[in-house]
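Enquirer: Sequence:
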Amino acid sequence: MDVVNNICQFLSASTNHTFMILWAIGVLFFIIMEFMTLGLTHIWYAFGCILAGIAAYNDVSVFLQLVIFIVSSTVLVLLTRPIAEKHVNGKTKRTNVDRLIGQTAIVKETINNKKEQGVVRVNGMDWTARTEEIDEVILKGKPVEILDIQGIKLIVRKKK
1 MDVVNNICQF LSASTNHTFM ILWAIGVLFF IIMEFMTLGL THIWYAFGCI
51 LAGIAAYNDV SVFLQLVIFI VSSTVLVLLT RPIAEKHVNG KTKRTNVDRL
101 IGQTAIVKET INNKKEQGVV RVNGMDWTAR TEEIDEVILK GKPVEILDIQ
151 GIKLIVRKKK
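The sequence shown begins at 1 in UniProt numbering and counts up by one.
These are calculated hints, taken from the structure and not from any lab test. As the structure is a prediction and not an experimental result, all values here were calculated from the model. It is possible that some hints are incorrect.
To be verified - Derived pair list, reagent style SDA-like, types lysine to any residue, alpha-carbon separation capped at 25 Å:
id, residue 1, residue 2
1, K142, W127
2, K142, I101
3, K159, V97
4, K158, E145
Given these sequences and hints, build the entire structure.
Expert: Here it is, written out as structure tokens:
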């Protein structure tokens, strides 16, 4: 209870100048966290601190400063992070392997997920294969449709 009383006394005795300093410390903290994690998350909270610091400079109440910080940070994360993430993580090089999805392959070695076995041949190349259903077994010689690629394994199902 003493901690709560101390915080309340600090808040009532503090000036907006003090909160400007606290928001500046918040900016530094979130920028450092962003450099440590590189997750494009903390930087938006730093911007929220900047906006709250501007509010403190203009003698806005502490409650409203907190609302500005929370709302602006949340809006920035929700609206800009997906865009920024696409540009930062968009450097992944796509390969022609993606073209295999939807093609037909022939089972060269029976596919059995439980035994971790299965090979298919598509476009003259052999690929490790697994079925989308864990209990499904597809026998040698059967045609399959390629649904996905997970690592170096093709995920397939019986051709209809």
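Enquirer: Run every hint past the structure and note whether it holds.
Expert: Evaluated hints:
1. K142 / W127: holds, 15 Å
2. K142 / I101: Holds, at roughly 17 Å.
3. K159 / V97: holds, 20 Å
4. K158 / E145: holds, 6 Å
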